[in-house]
Amino acid sequence: MPLGRCVAAMLLASLPISAWAGPLEDFFENKIRPVLAEQCLKCHSEGEGRKVKGGLRLDSRAALLKGGESGPAIIPGDPEKSLIIKVIRYQDDLQMPPKGKLPDSVVADMTRWVKEGATWPGNTVAAAGIKESFDMNERKSAHWFWRPLAKVNLPKVSLSAASDSPVDQLLANVRQLHGVSEAPPATKAALLRRLTFDLTGMPPTPTEIQSFESDSDPKALQHQVDRLLASPRFGEHWGRHWLDLVRYAETRGHEFDFHTPNAWQYRDYIIRALNADLPYDQLLTEHLAGDLLEKPRLNSEKGFNESVLGTGFFFLGEEVHSPVDVRQDEADRFDNRIDVLGKTFLGLTVACARCHDHKFDAISAADYYALYAVLESTRYRLVRFDAIEAEKKLSAELVNTRRAQKANLVAALQVELIPLAAQWPQLQAATNELAAKFKGKANSDEARTAIAQRATLDRLNQAWLEKLVNAAASPDLKADDPLALLVASGSKTGPATSANTKTLVNYSSLQPDQWLQDGSSFGPSPAQAGDLCLSATKSGWSVNTETAAKRDSFWPEPKIAPGQQLDPSSLSYPRAGNTLITPTFTVGNGQIKVLLSGKGRVYAPSGSHVMVMGPLHGEMVSSFDHGDTPKWLSLNLSRYTGLPSRLEITTDDPKCRVLRVVEGDIPPQPASQVRPGLVASWLQFLQGGQYTPFTDAEAALLDRVLALLEPTAGQTAKALVAWRDAENALKANIPGPSRLAVACADITGIEEKVFVRGSHKVPGADVPRRFLEAIDANPLSSSGSGRLQLAMKMTNPQLTPQVPRVAINRVWHHLFGRGIVPTVDNFGVLGEKPTHSDLLEYLANDFVSKGWSLKKIIRELVLTRAYAMATKGDPADLAKDPENKWLSHARVQRLSGEEIRDSLLAFSGRLDEKQFGEPVPPHIGDFQDGRGKPGQGPVDGAGRRSIYLGVRRNFLSPWMLAFDAPAPFSTMGRRTTSNVPAQALVLMNDPLVSDLCKQWAAKVTREMPAPADELCRAKQMAFAALGRQPTAIEISALARFLLGQGATGAPEVERLAALAHALVNTREFIYLR
Amino acid sequence: MIGNTKLWPCGSGMAIPQTRRAMLSKCAQGFGAVAFSALNAQNGQGKSLETVSGLVGLHHPAKARAIIMLYMDGGPSQVDTFDPKPLLDKYNGRSPSELFKVEPTQFNNVGKVLASPWKFRPRGQSGLPISDLFPELSRHADKLCVVRSMLAKFPEHTSANYFLHTGSGLQGRPSWGAWLSYGLGSFNRDLPGFLVLNGGLIPPGGLDNFNSGFLPSAHQASLLKAGKRPVANIAPSEARPGQQRAMLDLAAKLDEEHLRSFGSHPELEAAIANRETAFRMQASVPVLMDVGGESAATKKLYGMDSTYEPTRIYGQQCLLARRLVEQGARFIEITCHTVGYDRWDQHSALKDGHEKNCKAVDQPIAGLIADLESRGLLDETLLVFAGEFGRTPFAQGSDGRDHNPQGFSIWMAGGGVKGGMAYGATDEWGYRAVQDKVEIHDLHATMLHLVGIDHKRLTMRWGGRDMRLTDVHGEVLKSILV
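Residue numbers (this note's numbering), protein chains in the order written: chain A, -14 to 1058; chain B, 6 to 487.
Only chain A is shown next, with the shape it has when bound in the complex (with noise of 0.2 Å):
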């Protein structure tokens, strides 16, 4: 006892505490009331303006038996179960008043009150109930977010010019409404180089705006688009828009920013995606499922799976090492986890449920934690990607080969055996008799007289029952060997669990989809005691000892690629292909034991942990080594009491076999006894017949005998044969080395309660699976995580039809500058409303209907009028509609970072176009510092484009940082746009910009040698930086500043590099027009 509180109790066991020997009425207006009234009601009743906390108010004896978010605060008669009296005590993690403990008289008296009956005197009002704030079908109605998708009849409008496109004919609707003009066409110049960003994140060369201009086809822009839309830069370039929204980065952030393995296997596969114009329904099941998939999407060219790779994206995010409290940084993870699943595909808050209902959305509590439980039920791991397809299909064929070659040989086994059935009850009862008698002296004469005058008078094969009598009277017989069980006359007694054990796992009595793994190398299912495999023993086969799960010899240590990154921690050992997974349980006393035999490692990974390194957690991993005889493994996970876990093996040893995991004492051996007649039944059992299954005792005997006698020959061995070359022919199918990357995996379906308030330690009410329910109320059904039905159900516009509202919304927003819902990533209450409904249901309808083409819909917005306005708008219109929501004319956008730097690059001859890979290693500048300092990368990111730059999130890249590249914590799908010095220093002084500008002026030198002059290279630079010609008097000021660049004494190509950089410098350069 705390020795504060020990002296409290002496305290009060001296002092009467009872010293109020009036009536209990006035015992509370004396006591109690006033300390309510100071201590609690200021946020524990209801007031103007504020909240009444947790749910709970403690201005009425009723309201207090009613209690809050955690339950009633007094049960009248018993102070101990009082939730009231445990918080003011302080002997929880819940303690009130919260400022500080009250003295302690104060909390003797309230327990006394609330022990003596919780007398509230002349409190006649009836419990008020606690007012009803959320309704989800109020909420659910009150907003246009959450109605189907609308059927939008296309407007009658008066154009003064015609036009096909429904969106302008949309457009033009508001803007007559509004009494606002269409600004006429952007210049040709201004419009490819509009185009050339939005699409490729680049500028357009001075030739390819020359030839724009001078194609006077009707369909120029048309084949401008398609070219653009073709280009391996736009993936790169909306690649960079996605990963915006998925919190993009390569390592972990906290305290040593260790890195997320192979984090650029999600980039490119996103790059690759938006190239290949996936359709949008199936990314989003990619994300959610790739790993679930059937029949995953394949790699056209390299034939690995693409799918799985989306999942990479829930990993993205920060982890944290050694965390004190492992469940409450799942809970921060998690949050993250859902924030950015529902902003992203959703536009929706779904985060801001996790403490409480939704403010304003019809967004439950447990609605959070439907979700939070798909994501306890799906497992963290590296994926094998290129290796995975080859490997299911070859276990698939293994499954068939071994079928039937096990068929072969049991026919052979058939014959051969049945002398060895006939005999066998007999032998066995022999044996037990002669092995008994004859116990260590088997060799003695009189034992072979014994043996051989038993073996005529039964029957019996001579040479087999002296090998049995032998070897079971043996003075070295282990009490383990199989053997015993025929000495001990057949039968070992014991329960097979202690009162002190619980069964949390057993292999020999496993649920189909508990069977769990990553790769295939534990085969479709647990051996089964007696079954047959082939082994290296001198007969070629054996019989499965055990019901186990079992490393199959087939498969090799899986090959890895080299140069892939594994966990940064205590995980750093290969654990893809090779790992058995067993189903969640939840922690108990934590005294874990495992049965299992051979080599290899262990992993509990407690409350969603992956980070395990430094001081705490080192528990979750162990090693064993337990040769072929399955032995107890002990670990503690007393830690982690009450959260779900479950054990991760992993070996690449043949003799590992797991059998059982409990909690709490090792259990004693179970009983056992040997059927009559084991070798016919046996026999039975391999013909697939009816059969009860042979417990382990019995297979080891089984197995033990077999070897001893050697019954069988011939027929047999070729069957062997046949069955190990076809196993060795299907050998050269195991694929090669693979390489890995982060992604999703199901594990055992569990589901979680609310936490009240947020918090992990106040659990309230059970919430199955499913997804929101204002959208399908349904529990996820499967067995795993429902991730598959999740993504089903998200991709079915008539169930959700914020899906394709929000992904619309998003091209919009990158295209016109500003989303027709402004706020991309929420919709919802607090999210600004659209400014054109009917044309984003239009656009939404448009879009499932053209197959959730992204490429289809860019290209369709493109070609209208709208797209191609110029940004100089009416100054009438600008009076009546100053933000531009009707858009009369186009908006200014600048260029981001990446543009920015990218153009820089190209317009320098220094960029290498090549795609994918590594990330290159960031310039790490002298003002960034900090614990996990990456190794220094090249001041030019080897020319790379941008989106190949390493993102490591605590060393950001100032320069994408003053441009308003989002720090990677949560969805981003509309950056800021400011506007401070801090940029113009950058484009004054950056190492790069000199760097590359000096490049360009030695560039277009080489490339415009005389009789072009300096002048004509300096008109050249400018129109690449403008995308324009320069105008006359532009030019005079070009030659202005060259002639006096050369007064200084500058050589021509330092003359070219300052004027490159004074064009750089141009806000022109910088903002679109």
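It is possible that some hints are incorrect.
[Said to hold, decoys possible] Footprint (simulated), chain B over chain A, 3 or more residues, beta carbon under 8 Å:
(1) 802 to 813
(2) 902 to 916
(3) 1018 to 1024
[Said to hold, decoys possible] Only part of the chain B face toward chain A is listed, based on derived beta-carbon distances under 7 Å:
(4) PRO109
(5) GLY177
(6) GLN248
(7) ALA251
(8) LEU255
(9) LYS258
Derived from the structure by calculation, the hints contain no laboratory data.
Quantities reported herein were computed from a predicted structural model and do not represent experimental measurements.
We put the beta carbon where it would ideally sit given N, CA and C, even for glycine.
Add chain B to chain A, keeping to what the hints say.
The following block gives chain B in isolation, referenced to the frame of chain A:
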């Protein structure tokens, strides 16, 4: 003007500005204030620095115009500095779990109750007890308001650092200084609103402790280092004199032509103004950061003559902070310099480690207080001395202390807070705050209050919520205010 709630905080963050003026005010934050004030000056409406730098508040009159956060990276031990616990002497060497409930700790290596190796004495007129670790600071005891009942919520450095700096244990939220820069800007058109003087150590969690999160990037801290190039990209890259000016003149000429033919646009105009500001900053910022002109006496006051290098370095940071405050900077954080240990994080060798850490900061902080006072700036400048959490009253191993978020001490001094007082209390072991508990949110609310901001009203709509530095928490510590 700066601090007009009608203009900003912009309710929806990135709402498209309605007018040229609103647009410019959107840019006029931190660095952007430059463009705004320049514009005002051109229009003849500009105010000089002196008149602007009064005690203006956003929601109410301010008591302080600047805040200097003395960040004690790693977590100083409360029971060895500002929170005397005689019971530790009595029970020294006893097993703590026999005496009180011990919470899980970061290293899970709980040793015995460990008495403080340092003596506490009453200091000044107030008698506020401070241990012998801070002989110089102790002379200013009557100016300190020690809060002994701090709670940190997170027992790991990184989460606790984010929490202390941003009010959230998660990465990616705006730092306290970013919020204040967003709310109030800078008084000096050539200075960003939020400055971090890097003493050498970047705390766990990295630069995200000083980031702007979902606020406009202009409000992220500018990291300043002593030396000729105190800020990134501040040194002109041109080799020849006049070349940069000529280059910028050409850019200006081209922009002028551009606006003439394509039409004017407020955002473009603001960007053009920013370019000029940046040009001026190249000259003005390095001058501000040069302490060469300070007198020998002043340098001595800050410990810059010390034989101990960390003291000299920290002294220079403190002196720079004073110079910056004088020049109109408002939100400054000073990070520690290494003393050969892992910051204040004495998991072992408590005695040597804390002695060296104290030696590094004691004289400089005392000098800062004295210097601010002598210049009449102390009343307008709030000093906050805080680590991300405290340390256990029992040993980790034999001679260290583990992290303790359940109760620890910080202090404030200067603008708007009472001196010579202790607020709140831990239990008799110095382990848990038990009286007048103060959350980090309360500290933030109080800091905001003192510079004239109602913490509940400084919001940014992001992710479907009106976000605040104090989340949904925070109460101003009224009883420590003057």
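Hints that the structure is at odds with (numbers, increasing): none
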